[in-house]
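Engineer: Make the full structure from the sequences, and use the hints.
One letter stands for each residue in the lines below.
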Amino acid sequence: MLETSLQEQLKKLIIEELNLEDIDASEIKDGDPLFGDEGLGLDSLDAVELVVLIQKHFAVEIKDMEEGREALASISALSDFIETRRAGVSGQ
Amino acid sequence: MTSKNDKKWSSRSVGAPWQHRFFYFLIRLGGRHIAYPFLYPVVLYYLLFKPEERRKSRYYLDRRFPGRQGFAALKDSFRMIMGLSRSLVDRALVGICGPEILHTEFPEGQRLADLANASEGLIILTTHVGCWQAAMVYLSKLKGPVHMLMQQDEGDIDRHYFEHSDQENPYRIIDPTGFLGGTLEMVAALNRGEIVSIMGDRRQGSEENSLAVDFLSAPVHFPAAAWKLAAVTGAPLAVLFPIKTGPDRYRIELAEVIKIPKQDSRPIERLTPYLTRYVKALENLCTKEPYQFFNFYDMWE
Numbered sequence: 062m063l064e065t066s067l068q069e070q071l072k073k074l075i076i077e078e079l080n081l082e083d084i085d086a087s088e089i090k091d092g093d094p095l096f097g098d099e100g101l102g103l104d105s106l107d108a109v110e111l112v113v114l115i116q117k118h119f120a121v122e123i124k125d126m127e128e129g130r131e132a133l134a135s136i137s138a139l140s141d142f143i144e145t146r147r148a149g150v151s152g153q
Numbered sequence: 003m004t005s006k007n008d009k010k011w012s013s014r015s016v017g018a019p020w021q022h023r024f025f026y027f028l029i030r031l032g033g034r035h036i037a038y039p040f041l042y043p044v045v046l047y048y049l050l051f052k053p054e055e056r057r058k059s060r061y062y063l064d065r066r067f068p069g070r071q072g073f074a075a076l077k078d079s080f081r082m083i084m085g086l087s088r089s090l091v092d093r094a095l096v097g098i099c100g101p102e103i104l105h106t107e108f109p110e111g112q113r114l115a116d117l118a119n120a121s122e123g124l125i126i127l128t129t130h131v132g133c134w135q136a137a138m139v140y141l142s143k144l145k146g147p148v149h150m151l152m153q154q155d156e157g158d159i160d161r162h163y164f165e166h167s168d169q170e171n172p173y174r175i176i177d178p179t180g181f182l183g184g185t186l187e188m189v190a191a192l193n194r195g196e197i198v199s200i201m202g203d204r205r206q207g208s209e210e211n212s213l214a215v216d217f218l219s220a221p222v223h224f225p226a227a228a229w230k231l232a233a234v235t236g237a238p239l240a241v242l243f244p245i246k247t248g249p250d251r252y253r254i255e256l257a258e259v260i261k262i263p264k265q266d267s268r269p270i271e272r273l274t275p276y277l278t279r280y281v282k283a284l285e286n287l288c289t290k291e292p293y294q295f296f297n298f299y300d301m302w303e
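In order, the protein sequence lines correspond to chains A and B.
The C-terminal position of the first sequence is numbered 153 in the working numbering, with every residue numbered one higher than the one before it.
The C-terminal position of the second sequence is numbered 303 in the working numbering, with every residue numbered one higher than the one before it.
Some clues are possibly wrong.
With a straight-line cut-off of 35 Å between C-alpha atoms, the simulated DSBU-like cross-links for lysine-lysine are [what the hints assert, rightly or not]:
#: 1; chain 1: B; residue 1: Lys261; chain 2: A; residue 2: Lys124
#: 2; chain 1: B; residue 1: Lys290; chain 2: B; residue 2: Lys52
#: 3; chain 1: A; residue 1: Lys117; chain 2: B; residue 2: Lys143
#: 4; chain 1: B; residue 1: Lys261; chain 2: A; residue 2: Lys73
#: 5; chain 1: A; residue 1: Lys117; chain 2: A; residue 2: Lys73
#: 6; chain 1: B; residue 1: Lys290; chain 2: B; residue 2: Lys77
Since the hints were made in silico from the structure, they are not lab data.
Structural biologist: If you want it as structure tokens, here you go:
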């Protein structure tokens, strides 16, 4: 339940903050790629904002391309990444 | 900055590996005093017998000196190619003999140091002008690590200055051909208050990630990444031009310091006025030092 809520939260955040006005949250599938020609079609300039947004809203940092490849693959992957990082912090 | 790479330029070296090694040998033997004279036959060879290389210099020179033809145009090409060749010798000279071999002045060096000391992150915007290795002495003294967004094409055999003495690269290289063009590494570095150096005049990817601004009276697509990074992270952007002022002398010009408010980060067209400040500074430089701008491809295409 919590995971679904985070995924919806992420979709809403991306649409609002990246000004994707012509897309509705329901149109974004959880497993669709965020970057590239397929899926949401974000580019590297969008990535600059997305990374800062994730840090600002969820206090989770994506530091390099290895983490980025894992975290920014899709909404599901991003949600899992945030959850794992948060669990790691709270478990310390 | 994106996987859809349609860049028009290449960092591939013109000369053969042995030619480069020959000049490294000359520099070790007697520094620039021996290496510089040998540049004349080499430059003349490329100028007279390699029309494709001469043609590459005309893209910029025809914009800078419109209508120039015949011997005057040939002389312009010679001066531009010679300027680049001397810059490459200077780059190797710094690597072999150390940055102190060049007498570099930086009148506003303290201002750059203050920006770095503020720990807000700092973007140093460089350009294919002069020889940025001349700025080494100053950059190495700045607070915090310096990350460089730097691509080396296959066939680029011209060695980076630090490779000459087998020393460890003092800078952290970010590969623009990596995932999302190195964006994640650059954002992380700026968030840590560190310094990121980016070339401002060559586009890596598609036009989607660029902004068109008139440069020498016609539109050129300049990369938008540095401007977007500055707006989103709040890091100031410092425009540096290392200009050759004598055989072994350089002056670093801090042409602009630009701070971009967060609200101007989107849409990217709102970044255009800031980019225009950089392009105007570059035009001023091309007016003062027309043979120190080293782009040998059609930026206006």
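Engineer: Compare the structure with each hint and give your call.
Structural biologist: A quick look at each hint next to the structure:
1. For the proposed pair B:Lys261 and A:Lys124, the alpha carbon gap of about 24 Å is at most 35 Å, so the pair holds.
2. The suggested pairing of B:Lys290 with B:Lys52 holds, with an alpha-carbon distance near 28 Å, which does not exceed 35 Å.
3. The suggested pairing of A:Lys117 with B:Lys143 holds, with an alpha-carbon distance near 31 Å, which does not exceed 35 Å.
4. A distance of roughly 29 Å separates the Cα atoms of B:Lys261 and A:Lys73; the hinted pair therefore holds under the 35 Å criterion.
5. A C-alpha spacing of about 15 Å is found between A:Lys117 and A:Lys73, which places the hinted pair at or below 35 Å, so the restraint holds.
6. Pair hint B:Lys290 plus B:Lys77 holds up; C-alpha atoms about 17 Å apart against a cutoff of 35 Å.
Every hint from the earlier list agrees with this structure, and none is contradicted.
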